[in-house]
Amino acid sequence: MSWFLFILLAVLTLGGGLGVVLTRNVVHAALALLLSLIAVAGVYLVLFAEFLALVQVLIYGGAVIIVLLFAIMLTRGSEYPRISDNRQWPLAALAAMGVLGVLIPSFLINSVDNTKAQSPAFTDLANSLFTRWAIPFEIASLVLLVALIGAIIIARTGRDEG
Amino acid sequence: MVSLFYFQLLSAGLFAIGLYGVLARRSAVLIVMSIELMLNAVNINLIAAASHLEGRGSFVRFDGQIIAIFIITIAAAEVGLALAIILRMYRNRSTVNVDEIDIMKW
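Protein chains in written order, with my numbering: chain A, 38 to 199; chain B, 21 to 126.
None of these hints come from the bench; they were simulated from the model.
None of the values given here were measured: they were computed from a predicted structure.
Beta carbons are placed, not taken as given, at the ideal position from N, Cα and C, and that holds for glycine.
The reader is advised that the hints may include incorrect statements.
Pairs of lysine to any residue, SDA-like flavour, derived with a Cα cap of 20 Å [unchecked claim]:
1. A:Lys153 with A:Leu59
2. A:Lys153 with B:Glu120
3. A:Lys153 with A:Gly79
4. A:Lys153 with A:Trp40
5. A:Lys153 with B:Arg76
6. A:Lys153 with B:Tyr26
7. B:Lys125 with B:Ile51
8. A:Lys153 with B:Asp83
9. A:Lys153 with B:Glu74
10. A:Lys153 with B:Leu29
11. B:Lys125 with B:Thr115
12. A:Lys153 with B:Ile55
13. A:Lys153 with A:Ile75
14. A:Lys153 with A:Thr194
15. A:Lys153 with B:Asn112
16. B:Lys125 with B:Asn112
17. A:Lys153 with B:Val80
18. A:Lys153 with B:Thr115
19. A:Lys153 with A:Leu71
20. A:Lys153 with A:Leu42
21. A:Lys153 with B:Phe79
22. A:Lys153 with A:Ile103
23. A:Lys153 with A:Ile44
24. A:Lys153 with B:Ser78
25. B:Lys125 with A:Asn123
26. A:Lys153 with B:Ile51
27. B:Lys125 with A:Leu42
28. A:Lys153 with B:Ala96
29. B:Lys125 with B:Glu74
30. B:Lys125 with B:Leu43
31. A:Lys153 with B:Arg81
32. B:Lys125 with A:Arg124
33. A:Lys153 with A:Phe41
With the C-beta cut set under 7 Å, the calculated list includes, among others, these residues of chain B facing chain A [said to hold, decoys possible]:
34. Phe25
35. Tyr40
36. Met58
37. Glu74
38. Gly77
39. Val80
40. Ile106
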């Protein structure tokens, strides 16, 4: 059963990813990205990471896709149907294949046998996040604040802009 | 049960697809989408390692899942900033095509 789910979700994830990088229509690319990200949430469920699956659906499926669709809309999406890749795409495919050719043998060499997915308790995750990882957590909130203020300042149309 | 290697295979495939997108696409919006794919590939890898290798060596207390939470946070901030930069770029140069933004190219 978990094999069936995993293969289905892997096909959806990789198919969505290929849709993002191959389609000629940028709105279709955003929808393919949504498919891929939701399938990744399913992969997290197969790995018993329920909290991460929830966060993935909320943040990626909700916020990130909406922001990207806004970016497409505000930069005149009607021009996009004739987008094309640049001329170095064979080089890019070669680089991607090269990365795959490095990653897969290294995973094969360092493979671990007889592993089973285990599930953390929510309380363990929360304890870990707010005790051992408390300082990175605070820094992450600061990073979010700075990023939001920076985004507002960059995108603002003020009379006093430089 | 699905063993760890197949999750790593999925993660490597998604990362390679995202890398191809970053290198081959011209629209800045599509490049941001491809970066999201690569970040998700890394997250799959981290979470698979966290739940399969829990208790072995230095894999303790599902730290991989915590790191994945931080990666999702940073990715959200990054998308917001990327949208702002793309909008400003579009307003100044009326294009989001990264081949044409070559003012800093030597």
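Hints, verified against the model:
Proximity of A:Lys153 to A:Leu59 is assessed by CA-CA distance (about 35 Å); at most 20 Å being required, the pair is judged violated. Our distance criterion of 20 Å between C-alpha atoms is broken by A:Lys153 and B:Glu120, whose separation comes to about 50 Å. Taking the CA atoms of A:Lys153 and A:Gly79, the gap is about 18 Å. The hint holds against a cut of 20 Å. For the hint pairing A:Lys153 with A:Trp40, the CA-to-CA distance comes to about 13 Å; that is within 20 Å, so the pair holds.
In summary, the hint linking A:Lys153 to B:Arg76 is supported, as the alpha carbons are separated by about 12 Å, within the 20 Å threshold. A hinted pair counts as satisfied when its Cα atoms are at most 20 Å apart, and A:Lys153 with B:Tyr26 qualifies at roughly 13 Å. Proximity of B:Lys125 to B:Ile51 is assessed by CA-CA distance (about 19 Å); at most 20 Å being required, the pair is judged to hold. Taking the CA atoms of A:Lys153 and B:Asp83, the gap is about 17 Å. The hint holds against a cut of 20 Å.
As the CA atoms of A:Lys153 and B:Glu74 are separated by approximately 9 Å, the hinted pair is consistent with the 20 Å bound. For the given pair, A:Lys153 sits about 17 Å from B:Leu29 by alpha-carbon distance, which is consistent with the 20 Å threshold. The hinted pair formed by B:Lys125 and B:Thr115 meets the criterion: a straight-line CA distance of about 17 Å does not exceed 20 Å. For the hint pairing A:Lys153 with B:Ile55, the CA-to-CA distance comes to about 30 Å; that exceeds 20 Å, so the pair is violated.
With a C-alpha separation of about 23 Å, the suggested pairing of A:Lys153 with A:Ile75 is violated against the 20 Å cut-off. Distance hint between A:Lys153 and A:Thr194 is unfulfilled; the C-alpha atoms sit about 54 Å from each other, more than 20 Å. Restraint check: the Cα-Cα separation between A:Lys153 and B:Asn112 comes to about 53 Å, which exceeds 20 Å; the hinted pair is violated. Taking the CA atoms of B:Lys125 and B:Asn112, the gap is near 17 Å; set against the 20 Å cutoff, the hint holds.
A hinted pair counts as satisfied when its Cα atoms are at most 20 Å apart, and A:Lys153 with B:Val80 qualifies at roughly 15 Å. Proposed proximity of A:Lys153 and B:Thr115 is contradicted: the alpha carbons are some 50 Å apart, above 20 Å. A threshold of 20 Å between alpha carbons decides the hint, and for A:Lys153 with A:Leu71 the separation of about 29 Å lies outside it, so the pair is violated. Among the hinted pairs, A:Lys153 with A:Leu42 is consistent with the structure: their alpha-carbon atoms are about 16 Å apart, no more than 20 Å.
Among the hinted pairs, A:Lys153 with B:Phe79 is consistent with the structure: their alpha-carbon atoms are about 14 Å apart, no more than 20 Å. At most 20 Å may separate the alpha-carbon atoms for a hinted pair to count; A:Lys153 and A:Ile103 exceed this at roughly 36 Å. With a C-alpha separation of about 17 Å, the suggested pair A:Lys153 and A:Ile44 falls inside the 20 Å cut-off, and the hint holds. Between A:Lys153 and B:Ser78, the direct Cα distance comes to roughly 17 Å. Compliance with the 20 Å bound is thereby established for this hinted pair.
Of the supplied pair hints, the one linking B:Lys125 and A:Asn123 holds, its CA atoms being roughly 17 Å apart against a limit of 20 Å. With a CA separation close to 36 Å, the supplied pair A:Lys153 and B:Ile51 exceeds the 20 Å bound. Between B:Lys125 and A:Leu42, the direct Cα distance comes to roughly 47 Å. Violation of the 20 Å bound is thereby established for this hinted pair. Between A:Lys153 and B:Ala96 the CA atoms are separated by roughly 31 Å; this puts the pair beyond 20 Å, and the hint is violated.
Our distance criterion of 20 Å between C-alpha atoms is broken by B:Lys125 and B:Glu74, whose separation comes to about 47 Å. Proposed proximity of B:Lys125 and B:Leu43 is supported: the alpha carbons are some 17 Å apart, at most 20 Å. With a CA separation close to 16 Å, the supplied pair A:Lys153 and B:Arg81 stays within the 20 Å bound. A threshold of 20 Å between alpha carbons decides the hint, and for B:Lys125 with A:Arg124 the separation of about 18 Å falls inside it, so the pair holds.
Only pairs whose Cα atoms come within 20 Å are accepted, and A:Lys153 paired with A:Phe41 is accepted, the gap being roughly 17 Å. Nearest Cβ of chain A to the Cβ of B:Phe25: about 5 Å, under the 7 Å cut. The hint holds. Hint status for B:Tyr40 relative to chain A: holds, with the closest Cβ pair at about 4 Å, below 7 Å. Interface hint status for B:Met58: violated, as the beta-carbon distance to the closest one in chain A is roughly 10 Å, over 7 Å.
Among the interface hints, the one on B:Glu74 holds; its C-beta lies about 5 Å from the nearest C-beta in chain A, closer than the 7 Å criterion. For B:Gly77, the interface hint is violated, since its Cβ never comes within 7 Å of a Cβ in chain A; the closest pair sits about 10 Å apart. Because the closest C-beta pair between B:Val80 and chain A is about 9 Å apart, greater than 7 Å, the hint is violated. Given the 7 Å rule on beta carbons, the hint for B:Ile106 holds: about 5 Å separates it from the nearest Cβ of chain A.
Comparing the model with each earlier hint shows violations of hints 1, 2, 12, 13, 14, 15, 18, 19, 22, 26, 27, 28, 29, 36, 38, 39; every other hint is respected.
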